[in-house]
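Visitor: Chains as they are written, first to last, in the numbering used here: chain A, 1 to 364; chain B, 1 to 88.
Don't take each hint at face value.
The calculated label-pair distances, taken between Cβ atoms and stated as ranges, are [unchecked claim]:
1. D216(A) - D84(B): 25 to 31 Å
2. K3(A) - D84(B): 45 to 51 Å
3. G208(A) - R68(B): 30 to 36 Å
4. K24(B) - G274(A): 54 to 60 Å
5. G28(B) - A120(A): 32 to 38 Å
6. V199(A) - S65(B): 21 to 27 Å
Keep in mind the hints are simulated off the structure, nothing from the lab.
Note that CB positions come from ideal geometry on N, CA and C, so glycine has one too.
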Amino acid sequence: MAKAVGDAILRAGNPGRSGHALSIRSARDLFVARERLAELFGCADSSRFVFTENATVALNQAIKGVLRPGDHVVTTSVEHNSVMRPLRRMEDGGVRVTVVPAGKDGVTEARNVISAFRKATRLVVMVHASNVSGALQPVDAVVAAAHRRGILTLIDAAQTAGAVPIDLSTLPVDLLAASGHKGLLGPQGTGFLFVREGVPIVPLIEGGTGSRSESDHQPEFFPDALESGTLNSVGVAGLAASLAWILRKGVGTIRRAEVVLVGQLLHGLSRIPGVTVYGPADPAHRGSAVSFRVEGIDPAEVGARLEKRSGVLVRAGLHCSPNGHRAIGTFPIGTVRVSPGPFTTRAGIATFLSALRKIRGPSA
Amino acid sequence: MTRAPDTGLILIFRGTHQVLSAEKRLKGGGVPLRLIPVPRRLTSDCGLAIRIPFDHRAPAREILSRARLFPQSAHLPRADGEYDLVSL
Ligand SMILES: Cc1ncc(COP(=O)(O)O)c(C=O)c1O
Chain A
1 MAKAVGDAIL RAGNPGRSGH ALSIRSARDL FVARERLAEL FGCADSSRFV
51 FTENATVALN QAIKGVLRPG DHVVTTSVEH NSVMRPLRRM EDGGVRVTVV
101 PAGKDGVTEA RNVISAFRKA TRLVVMVHAS NVSGALQPVD AVVAAAHRRG
151 ILTLIDAAQT AGAVPIDLST LPVDLLAASG HKGLLGPQGT GFLFVREGVP
201 IVPLIEGGTG SRSESDHQPE FFPDALESGT LNSVGVAGLA ASLAWILRKG
251 VGTIRRAEVV LVGQLLHGLS RIPGVTVYGP ADPAHRGSAV SFRVEGIDPA
301 EVGARLEKRS GVLVRAGLHC SPNGHRAIGT FPIGTVRVSP GPFTTRAGIA
351 TFLSALRKIR GPSA
Chain B
1 MTRAPDTGLI LIFRGTHQVL SAEKRLKGGG VPLRLIPVPR RLTSDCGLAI
51 RIPFDHRAPA REILSRARLF PQSAHLPRAD GEYDLVSL
């Protein structure tokens, strides 16, 4: 991935802005990455994948591009601020928002989400897996029910894209947003929004697209409709490389390995006195984020000690998701979060657990 | 009518993604092609077009309509530097 970014930086032209060789190479990097995204997510038409800087921009585009004053939107109490803040902004502009509470394990019940649907409901926004508790949400059932009622659906797959299989050919979700730099293993500054054909959406940003230059109106075809300005083709070249790796490996294989590692992690954590783990007990019901607390020690201090003593890097605090923490009762102090990925080994988890067992002891 | 030497059918698409998508499909279907800068006479766009040999137009039409990637327009260069608008 790093090599692909390096190569791209050495030869980057402005994609789609010119007919010269460098511009074509950059345009090809975008095209190849788009085709790989389409393959990974089971979609025949790669033009429906729009590149963004990150999941946050993709979520803002989806939310602000679809909702209008008077619309009603249903979401859950475990959303990231990249969903909640745009929704609160829309609320000020006359959109009504229903936040469906999750249970103590961080899981929102599908029936509770579905029973919040009203006549004016335009959109359901739901995280696929919480970045706080790790809890997988019942997206299949909610998307199916919303689809039957003609309600649009937006899934925040920041925590699951590339790590948990998502098949757009069987899941009739309308909008899917994710970061490139998490489970998709790409560089920072990459992300995407999938928009299903026929979904009415207004661009968040208008500008130059390299197409229809004779017109001063934004093109309506994809991906140009939602991709204005010079894109991060250098970052996307890196994403294309990591997508190739994921496609070779298979998301199913990555997922099975992560479920085993999360199981090892949950089991190990449950045997350390004074450690409380949040989220579903069954690793099959969660993504790879595991949140815990050590009784009597501030999460930030746990994080600092883990790093100093074992080189294990964790994220402590509220994880940009105060609601996610309120749902599981860890607001405002937050938790410590670890997430095994495709390069995590059993030995790595054992090292982490052993460092955590000695967390109360004097530093070595 | 006289044709320019090295004539070929120039296919214009809506955007760069559609050009590269058509290129992939045409290549996959064995249609020889070249990516060329869109001739300025044809559109004001700064993008790319595809040129295929005229006698490959039937398979190209078939492949592109199946892929829902039909070009916006097709053009044949004339000896005088102008282009004739033709149907693919
Ligand atoms: C569930 C969830 N949604 C959205 C985001 C935002 O992602 P990004 O940083 O790519 O904008 C994150 C990242 O922290 C996340 O975990």
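Visitor: Run every hint past the structure and note whether it holds.
Guide: Outcome of the hint check:
1. In this structure the supplied range 25 to 31 Å holds for D216(A) paired with D84(B), their Cβ-Cβ distance being about 29 Å.
2. A hinted range of 45 to 51 Å holds for the C-beta pair K3(A) and D84(B), which are about 47 Å apart.
3. Between G208(A) and R68(B) the beta carbon distance is about 26 Å. The supplied range of 30 to 36 Å is therefore violated.
4. At about 57 Å, the CB distance of K24(B) to G274(A) agrees with the hint of 54 to 60 Å.
5. At about 46 Å, the beta-carbon gap between G28(B) and A120(A) misses the expected band of 32 to 38 Å.
6. At about 24 Å, the beta-carbon gap between V199(A) and S65(B) stays in the expected band of 21 to 27 Å.
In terms of the numbered hints stated before, the structure departs from hints 3 and 5, listed from lowest to highest.
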